[in-house]
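Asks: Next come the chains, spelled out residue by residue.
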Amino acid sequence: MSRRERAVDALVVGAGPAGLAAAAELAAGGAGEVEVLDHAPGPGGLPLHLTHRGFGPRRSPLGGPAYVRPLVRAALEAGAALRPRVLATGSPAPGTVDVTHPGGLERITARAVVLATGARERPRGARLIPGTRPEGVLTAGELLRSVRLHHRPAGRRAVVAGTGPGALAAVRALREAGADVVALVTGHPEAPLLPPRLRVPVLTSAAVAEVTGADGLSGVLVTGPGAAVRRLDCDTLVLTGEGVPECELARLAGAALDPATRGPAVDTALRTSLAGVFAAGDVLRGGGDAPGAAAEGRHAARSALRHLAGGGRPAGLLRLDAVAPLEWITPGLLPVPGEPPPRGRFTLSVSRRVDGPVLLAEQDGRPLGRWPLPHTALPGRPLHLYGMPFAAADPLGGPVRVRIGRTSFPAGPSRG
Amino acid sequence: MSVTRTGALPGTLHDVAVVGAGVVGTAIARELARHRLTVALLDAADDVGTGTSKANTAILHTGFDATPGTLEARLVREGHRRLSAYAAECGIPLEGVGALLVAWDEEQRAALPRLAAKAAAGGHREPRLIGPEALRRAEPHLAPGALAALEVPGESVICPWTTTLAYATQAVRAGTGLHLRCLVTGVTDRGDHHELATGRGPLRARYLVNAAGLHADTLDALLGHRDFTVAPRRGQLLVHDGAARPLVRHILLPVPTARSKGVLIAPTVHGKVLLGPTAEDVDDRRATGSTAEGIEALRAAGRRILPALGEEEVTAVYAGLRAATEHPDYRIRCHRDQRYAAVGSIRSTGLSASLAIAAYVAEALGDAGLDLGPARDLPPVVMPNIGEAAPRPYQRGDLIAADPAYGTVLCACERVTEGEIRDALHSTVPPATLAGLRRRTRARAGRCQGFSCGPAVRAAFDAYRGTRPGPGAAEAGER
Numbered sequence: 001m002s003r004r005e006r007a008v009d010a011l012v013v014g015a016g017p018a019g020l021a022a023a024a025e026l027a028a029g030g031a032g033e034v035e036v037l038d039h040a041p042g043p044g045g046l047p048l049h050l051t052h053r054g055f056g057p058r059r060s061p062l063g064g065p066a067y068v069r070p071l072v073r074a075a076l077e078a079g080a081a082l083r084p085r086v087l088a089t090g091s092p093a094p095g096t097v098d099v100t101h102p103g104g105l106e107r108i109t110a111r112a113v114v115l116a117t118g119a120r121e122r123p124r125g126a127r128l129i130p131g132t133r134p135e136g137v138l139t140a141g142e143l144l145r146s147v148r149l150h151h152r153p154a155g156r157r158a159v160v161a162g163t164g165p166g167a168l169a170a171v172r173a174l175r176e177a178g179a180d181v182v183a184l185v186t187g188h189p190e191a192p193l194l195p196p197r198l199r200v201p202v203l204t205s206a207a208v209a210e211v212t213g214a215d216g217l218s219g220v221l222v223t224g225p226g227a228a229v230r231r232l233d234c235d236t237l238v239l240t241g242e243g244v245p246e247c248e249l250a251r252l253a254g255a256a257l258d259p260a261t262r263g264p265a266v267d268t269a270l271r272t273s274l275a276g277v278f279a280a281g282d283v284l285r286g287g288g289d290a291p292g293a294a295a296e297g298r299h300a301a302r303s304a305l306r307h308l309a310g311g312g313r314p315a316g317l318l319r320l321d322a323v324a325p326l327e328w329i330t331p332g333l334l335p336v337p338g339e340p341p342p343r344g345r346f347t348l349s350v351s352r353r354v355d356g357p358v359l360l361a362e363q364d365g366r367p368l369g370r371w372p373l374p375h376t377a378l379p380g381r382p383l384h385l386y387g388m389p390f391a392a393a394d395p396l397g398g399p400v401r402v403r404i405g406r407t408s409f410p411a412g413p414s415r416g
Numbered sequence: 001m002s003v004t005r006t007g008a009l010p011g012t013l014h015d016v017a018v019v020g021a022g023v024v025g026t027a028i029a030r031e032l033a034r035h036r037l038t039v040a041l042l043d044a045a046d047d048v049g050t051g052t053s054k055a056n057t058a059i060l061h062t063g064f065d066a067t068p069g070t071l072e073a074r075l076v077r078e079g080h081r082r083l084s085a086y087a088a089e090c091g092i093p094l095e096g097v098g099a100l101l102v103a104w105d106e107e108q109r110a111a112l113p114r115l116a117a118k119a120a121a122g123g124h125r126e127p128r129l130i131g132p133e134a135l136r137r138a139e140p141h142l143a144p145g146a147l148a149a150l151e152v153p154g155e156s157v158i159c160p161w162t163t164t165l166a167y168a169t170q171a172v173r174a175g176t177g178l179h180l181r182c183l184v185t186g187v188t189d190r191g192d193h194h195e196l197a198t199g200r201g202p203l204r205a206r207y208l209v210n211a212a213g214l215h216a217d218t219l220d221a222l223l224g225h226r227d228f229t230v231a232p233r234r235g236q237l238l239v240h241d242g243a244a245r246p247l248v249r250h251i252l253l254p255v256p257t258a259r260s261k262g263v264l265i266a267p268t269v270h271g272k273v274l275l276g277p278t279a280e281d282v283d284d285r286r287a288t289g290s291t292a293e294g295i296e297a298l299r300a301a302g303r304r305i306l307p308a309l310g311e312e313e314v315t316a317v318y319a320g321l322r323a324a325t326e327h328p329d330y331r332i333r334c335h336r337d338q339r340y341a342a343v344g345s346i347r348s349t350g351l352s353a354s355l356a357i358a359a360y361v362a363e364a365l366g367d368a369g370l371d372l373g374p375a376r377d378l379p380p381v382v383m384p385n386i387g388e389a390a391p392r393p394y395q396r397g398d399l400i401a402a403d404p405a406y407g408t409v410l411c412a413c414e415r416v417t418e419g420e421i422r423d424a425l426h427s428t429v430p431p432a433t434l435a436g437l438r439r440r441t442r443a444r445a446g447r448c449q450g451f452s453c454g455p456a457v458r459a460a461f462d463a464y465r466g467t468r469p470g471p472g473a474a475e476a477g478e479r
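As they're listed, the protein sequences go chains A and B.
Here our numbering is used: position 107 in the first sequence is 107, and no number is missing along the way.
Here our numbering is used: position 270 in the second sequence is 270, and no number is missing along the way.
Hints are supplied without guarantee of correctness; some may be wrong.
[To be verified] The calculated label-pair distances, taken between Cβ atoms and stated as ranges, are: (1) A:Pro374 / B:Ala401: 54 to 64 Å; (2) A:Gly63 / B:Thr218: 55 to 65 Å; (3) B:Pro469 / A:Leu194: 43 to 53 Å.
[Claimed, not checked] Covered by chain A, per the in silico footprint, the following chain B stretches (three or more residues, Cβ under 8 Å): (4) 282 to 290; (5) 306 to 316; (6) 393 to 404; (7) 408 to 415.
[Stated by the list, open to error] Looking from chain B toward chain A, a few residues come up when the C-beta cut is under 8 Å (computed): (8) Ala243; (9) Ile295; (10) Cys448; (11) Gln449; (12) Gly450; (13) Phe451; (14) Ser452; (15) Gly454; (16) Pro455; (17) Ala459.
No lab work stands behind these hints, which were simulated from the structure alone.
All residues carry an ideal CB built from backbone N, CA and C; glycine is no exception.
With these hints in hand, go ahead and build the complete structure from the sequences.
Replies: Now the structure itself:
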């Protein structure tokens with residue numbers, strides 16, 4: 001097996017917002033030779049397929065492709081090499097990545113690696129939706145690529161299942177492709193806010209319970225709300241709203257996973273359990289917004305630069321445990337001594353609606369703080385906890401438990 | 001040498017028509033092709049191996065647990081030997097991982113020595129009992145509480161899709177006409193030959209072989225027989241992502257007891273982990289849907305055996321139907337006066353026994369008057385490797401250097417390259433659908449199910465469909 005052996009200073013895997021921003025920061029920060037790999041035919045990642053103006057500054061919003069263009073330019077201008085159509089297939093040791101590309105096989109060794117491999121939407125199989133296996137069932141990600149990149153039709157009658165930005169993007173793409181959106185099925189009790197142009201029938205507190213059809217999809221059975229079961233005739237079912245970290249490479253490299261996010265476990269400096277290996281972006285929790293991912297990419301790059309300059313590992317790590325209905329908190333590890341998280345904030349997710357929410361932390365039964373949040377906590381909507389909230393934690397103590405509760409007091413000054 | 005999916009069928013008088021292009025039918029066609037006979041292989045579906053042959057547990061059984069003295073016991077045992085050798089010759093993915101029948105309670109533990117004795121009575125002397133410590137060493141991720149196991153070396157996992165395709169490829173190259181989308185609706189005896197009425201017009205053949213699997217009794221009835229009735233048994237299966245593969249080393253078989261049949265957990269040659277099957281008697285021969293109850297039962301059973309499996313993502317849920325009948329054994333009958341052989345009740349061991357069933361049927365046809373003539377060795381085929389045990393094209397610098405298409409990975413999860421997709425569409429038995437492409441290459445069979453590269457795979461499918469291989473092609477693909 002002839003693999004070309006190469007060495008670079010910093011290797012970034014994934015050319016989406018997180019990876020591009022990391023590469024620009026690394027190259028500009030004097031990391032030396034910086035390389036970005038992606039198996040896609042070009043750089044940009046997920047925003048390439050999101051044409052709506054949901055990116056960039058609120059006053060002059062941009063479409064996805066326009067948003068990533070300056071990220072690509074910045075990485076190139078800083079001197080990073082962007083390598084499309086390169087798939088990372090293994091990691092025999094931390095800092096070493098095996099790749100396949102049309103020019104052959106390589107084994108790349110880097111002094112610092114940033115994993116920015118993104119996320120995928122949970123497809124039908126992983127959602128355990130029963131029924132037959134006809135054509136016509138796909139994730140929103142596949143739909144967007146199919147419609148925007150390959151200009152393929154999207155069927156005539158579509159059902160979209162799930163909520164969040166993916167659902168809106170799917171409705172938009174289906175409309176563009178001339179499909180009739182029969183219903184948006186969401187498990188949440190409230191209908192999402194849909195812009196007037198995208199208004200479609202919404203079934204709340206509902207779920208797709210069965211797929212029917214032999215070769216092509218003929219319809220879906222939807223349960224809820226309550227005991228209601230109805231059949232919707234459709235030829236397309238788009239699934240969205242359940243993000244899963246795409247962390248195969250992290251696992252192959254042997255990085256520890258965060259049991260709550262199922263992405264690589266990272267501390268506030270976005271260090272993984274492997275020396276010299278960092279992670280940033282959607283891979284940390286299975287989703288998120290592009291500017292947040294880019295900020296994490298820069299944050300990871302700054303940590304990588306410190307590592308390249310000879311900075312050591314933290315003396316210890318404290319675990320952050322999210323208590324239900326919190327699903328996870330990321331970064332989920334606190335280095336000792338403390339370092340600020342990306343954008344100066346922790347991100348949390350909640351599995352059900354909590355009105356008048358307040359976050360509480362304790363360590364070994366000792367309260368560490370109490371932080372009211374300004375808005376109702378909703379599933380699929382990230383919560384933020386700013387600053388260095390766990391500074392009072394005992395570096396030699398047990399894990400820090402973070403809970404969410406309800407406060408009868410009015411919310412305090414904006415923290416979330 | 002032809003594969004057709006549309007148009008009228010050849011008007012020539014065939015020596016043999018084989019109805020049903022599953023793993024058994026393709027094996028029979030391949031065996032007959034060794035004898036310079038003109039053979040037509042018909043199937044109602046648009047591809048080979050789309051019934052029971054595509055949705056099973058993908059295990060090559062030794063037959064250690066078959067009832068000694070039955071035809072099934074004999075043919076599975078012989079089929080295991082034949083297919084093991086054939087797989088090595090053709091590059092069919094196969095891993096001889098061995099099986100462990102794990103006992104979780106006293107009743108099951110007490111059954112193990114009886115199973116070992118039954119295996120020995122059938123000539124299988126390899127199975128041996130192992131204690132809890134050896135079992136723990138063999139399978140470190142097993143749930144606590146396993147008492148003992150019967151270890152069965154020789155039980156293997158195999159690629160059922162490549163197996164069927166290899167048979168079909170060899171048969172077609174040796175002259176068999178493979179006619180798909182060709183449902184047989186009637187059979188008329190014309191004295192010295194059968195005239196088959198099909199959705200694509202008539203086909204004439206002197207001898208007829210019924211390998212119609214789930215529909216074998218329907219065809220049998222067209223010949224005037226009621227020898228068996230297919231009672232489909234549905235098996236639902238969950239496939240787990242490759243991340244789960246390190247959790248299990250052997251095929252973990254349940255110990256059959258009076259109370260329950262249990263489910264198995266098995267690695268697959270594609271680097272995934274299979275959990276199942278359920279066993280449900282259903283009326284509808286097309287009821288290949290999964291159910292919420294079935295999925296939940298499998299998940300619960302899986303967690304009891306291998307707790308960490310529940311933490312891993314499922315990539316696919318599917319259900320297959322086994323062609324069980326009222327008979328506890330294979331039902332292979334040759335009606336000399338009708339020049340007709342029926343291959344019924346193959347149930348769940350058709351893959352393992354396929355080559356032995358084929359030899360048995362050919363011999364029976366000879367006994368019934370078909371002049372087989374001398375057999376010849378067919379030119380060997382080398383199938384594209386889609387298994388994890390041997391290097392795949394994305395891992396082969398030599399192939400990529402010769403053709404960069406083998407370095408262009410289109411399906412990242414499963415590491416499927418553009419070169420492999422092209423080769424599949426240029427192959428002897430090309431796919432007609434994306435599902436067929438998946439069975440040949442694994443494209444879109446991974447954890448993202450097309451989220452990331454689905455449209456690119458579809459574009460490649462469309463681009464290479466109906467094109468012809470260029471000069472110098474087929475170097476890395478099948479040969």
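Asks: Out of the numbered hints, which ones does the structure contradict?
Replies: Checked against the structure, no hint fails, so every one of them is satisfied.
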